[in-house]
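Could you put together the complete structure from these sequences and hints?
Protein chains: 4
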Amino acid sequence: MSDILQALQVVLAERKAADPDTSYVASLHAKGLNKILEKVGEETTETILAAKDAELSGSTKEVIAETADLWFHCLVMLSQLDIEHTAVLAELERRFDLSGLVEKANRAK
Amino acid sequence: MSDILQALQVVLAERKAADPDTSYVASLHAKGLNKILEKVGEETTETILAAKDAELSGSTKEVIAETADLWFHCLVMLSQLDIEHTAVLAELERRFDLSGLVEKANRAK
Amino acid sequence: MSDILQALQVVLAERKAADPDTSYVASLHAKGLNKILEKVGEETTETILAAKDAELSGSTKEVIAETADLWFHCLVMLSQLDIEHTAVLAELERRFDLSGLVEKANRAK
Amino acid sequence: MSDILQALQVVLAERKAADPDTSYVASLHAKGLNKILEKVGEETTETILAAKDAELSGSTKEVIAETADLWFHCLVMLSQLDIEHTAVLAELERRFDLSGLVEKANRAK
Numbered sequence: 087m088s089d090i091l092q093a094l095q096v097v098l099a100e101r102k103a104a105d106p107d108t109s110y111v112a113s114l115h116a117k118g119l120n121k122i123l124e125k126v127g128e129e130t131t132e133t134i135l136a137a138k139d140a141e142l143s144g145s146t147k148e149v150i151a152e153t154a155d156l157w158f159h160c161l162v163m164l165s166q167l168d169i170e171h172t173a174v175l176a177e178l179e180r181r182f183d184l185s186g187l188v189e190k191a192n193r194a195k
Numbered sequence: 087m088s089d090i091l092q093a094l095q096v097v098l099a100e101r102k103a104a105d106p107d108t109s110y111v112a113s114l115h116a117k118g119l120n121k122i123l124e125k126v127g128e129e130t131t132e133t134i135l136a137a138k139d140a141e142l143s144g145s146t147k148e149v150i151a152e153t154a155d156l157w158f159h160c161l162v163m164l165s166q167l168d169i170e171h172t173a174v175l176a177e178l179e180r181r182f183d184l185s186g187l188v189e190k191a192n193r194a195k
Numbered sequence: 087m088s089d090i091l092q093a094l095q096v097v098l099a100e101r102k103a104a105d106p107d108t109s110y111v112a113s114l115h116a117k118g119l120n121k122i123l124e125k126v127g128e129e130t131t132e133t134i135l136a137a138k139d140a141e142l143s144g145s146t147k148e149v150i151a152e153t154a155d156l157w158f159h160c161l162v163m164l165s166q167l168d169i170e171h172t173a174v175l176a177e178l179e180r181r182f183d184l185s186g187l188v189e190k191a192n193r194a195k
Numbered sequence: 087m088s089d090i091l092q093a094l095q096v097v098l099a100e101r102k103a104a105d106p107d108t109s110y111v112a113s114l115h116a117k118g119l120n121k122i123l124e125k126v127g128e129e130t131t132e133t134i135l136a137a138k139d140a141e142l143s144g145s146t147k148e149v150i151a152e153t154a155d156l157w158f159h160c161l162v163m164l165s166q167l168d169i170e171h172t173a174v175l176a177e178l179e180r181r182f183d184l185s186g187l188v189e190k191a192n193r194a195k
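Those protein sequence lines, which keep their order, are chains A, B, C and D.
For the first sequence, my numbering assigns the number 87 to the initial residue and increments by one for each residue that follows.
For the second sequence, my numbering assigns the number 87 to the initial residue and increments by one for each residue that follows.
For the third sequence, my numbering assigns the number 87 to the initial residue and increments by one for each residue that follows.
For the fourth sequence, my numbering assigns the number 87 to the initial residue and increments by one for each residue that follows.
Everything labelled a hint here was simulated from the structure, so no lab data went into it.
None of these values were measured; they are calculated from a predicted model.
One thing to keep in mind: the hints can contain errors.
Copies of the same chain look alike in the list, so a pair counts if it works inside one copy or between any two.
[To be verified] Calculated cross-link-like contacts (lysine-lysine; reagent style PhoX-like; alpha-carbon spacing at most 25 angstroms):
no., residue 1, residue 2
1, K190, K102
2, K147, K117
3, K102, K121
4, K147, K102
5, K190, K147
6, K190, K117
7, K121, K190
8, K102, K117
As C-alpha cells, this is what we get:
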C-alpha cells in the first residue's frame, strides 16, 4: 500500500514531459507554479467542505476523494519545484522520530 | 521511506487518546474538527507562500517543512473522522492505475 | 464611491431571483452554499498569489481585480445566508470605534 | 453606513505608522506581506467554517464576525501594497455598471 506515493511520483515525472494538450499534469506544469498553487488552494477548500459534510452525514467518500486530489496536486507542486516527495516524508520521520517504528514495520514484512 | 505515513498514523492514533494538556495532537482532537480544518487551511496558505518564495530563492527548505505540516494536519483530520490514510492512497492508486508499478517496486525490494 | 457595496447588494438581490441559465449569480445560488464557499476559497488563493506577484513587480492591477472577485463572492455568500453586508460593516465600525469618524465624514459631504 | 470602509482605511493608515509593540496593525506591517497574507488565508478558512455552521444552526453571528476579520485583513493587505480600497470598489462598480445605481442612492440622501 505504502509505495503508492513513490509510484505516483514516477508517473508524475513521466507526465511532466508529456504533451500539455493530452496530459492534465503536463498542462499544469506548462501553465506554471501559480496555476498549480491555485489548484492546491482549491482542493484544500473542497477537502474542508467535504470534511464538514462528512461530520454530519457520516459518509467519508467525498473527503477521501478530495484529500486524494489535494495530495496529488501537492505532488505536482513538489515536481514543479524539483523536490522529491521523500524529502517531505523524511521531514515527518525526523519530527516524529519514526525511524524505529518504520524499521520495525519493514522487519515485519 | 514509504512506510513513514503508516508509522505516523500509528503515532497519531496513540496520541489521539493522550492528555490534551501534554499532546498537541490530543489537544487538536479535543478542540474538534473545526480547529483541525483551520490548521489544514493555515498550512495550505503557508505552503503556497513558501512555494512562491522557493520559486524566487531556489531554497526548498521552507516548502518541504510547510508541506510536511500540511500532510500532518491532513492525517489528523482523517484520524478525527476515523478514516485510514490508506483509503486516500488506495484512491490515488485506483485513479492512476498504479497497481502494476507498486507491485514491480515491491518485487525489487 | 462608498455606496458601491450597497448598490452591488441591490444588484445581487435581483440576480438571486434570476434564471440560473443566464445569470452567474443565480447559478451560484442554485448550486448552493458549498459552491459559493469554493469560490470564496479560490479567490482568496488568487488574491494571495496576486499580492505576492505585486510585491515583486510593483504592478497592482491583478491584486485589485482578485480582491474585487473575493469581496464579490463574499457578498454572494452573505446573500445566500440572508445576511446584509451592512451587518459586516457595522461589526467593523463597532470594533474600531469608527462612529465619530464616519459622522465627521458625512458632515463634510 | 457605507463610509465605514473609508473611516477604517484612515484608521489603518494611522496605525501603519504606530509602534508594532502596541498596535496589532503595525505589528502585521512590521512582520511583512507573508504574515498579512497568512492572516487573509486563515480568516477565509474561518469564514468558510462559520458559513457551514450558520447553514445548519441558522445563527449568523460567527459568519458576520469572521467576514469582518477577512475584510479587515484584506484592507491591511491593500495598505501594505499602498493600494486604496477605493480601487477595489471602483473595479466592482465598473464590472457591474453600478454608476447609475450609486448616483441614484446619493440623490436620495
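Hints, one by one, checked against the model:
For a Cα distance limit of 25 angstroms, the shortest separation of K190 from K102 across copies, 22 angstroms, qualifies, whereas the shortest one inside one copy, 35 angstroms, does not. For the identical chains of this complex, K147 and K117 are inter-copy neighbours only, at 20 angstroms across copies versus 30 angstroms inside a copy, given an alpha-carbon limit of 25 angstroms. In the homo-oligomer, the alpha carbons of K102 and K121 lie at most 25 angstroms apart inside one protomer (14 angstroms), although the nearest pairing across protomers, at 30 angstroms, exceeds that limit. Taking the shortest alpha-carbon separations for K147 and K102, only the inter-copy value of 22 angstroms comes in at or below 25 angstroms, while the best intra-copy value is 29 angstroms.
Taking CA atoms no more than 25 angstroms apart as the test, K190 paired with K147 passes in neither setting, with 31 angstroms inside one copy and 28 angstroms between copies. Taking identical chains as interchangeable, the C-alpha atoms of K190 and K117 are never at most 25 angstroms apart, the minima being 43 angstroms within one chain and 32 angstroms between chains. Within a single copy, K121 and K190 get their C-alpha atoms no closer than 41 angstroms, and across copies no closer than 33 angstroms, so neither meets the 25 angstroms cut-off. Taking the closest pair of Cα atoms, K102 and K117 come within 25 angstroms of each other only inside a single copy of the chain (12 angstroms); across copies the shortest separation is 34 angstroms, beyond that limit.
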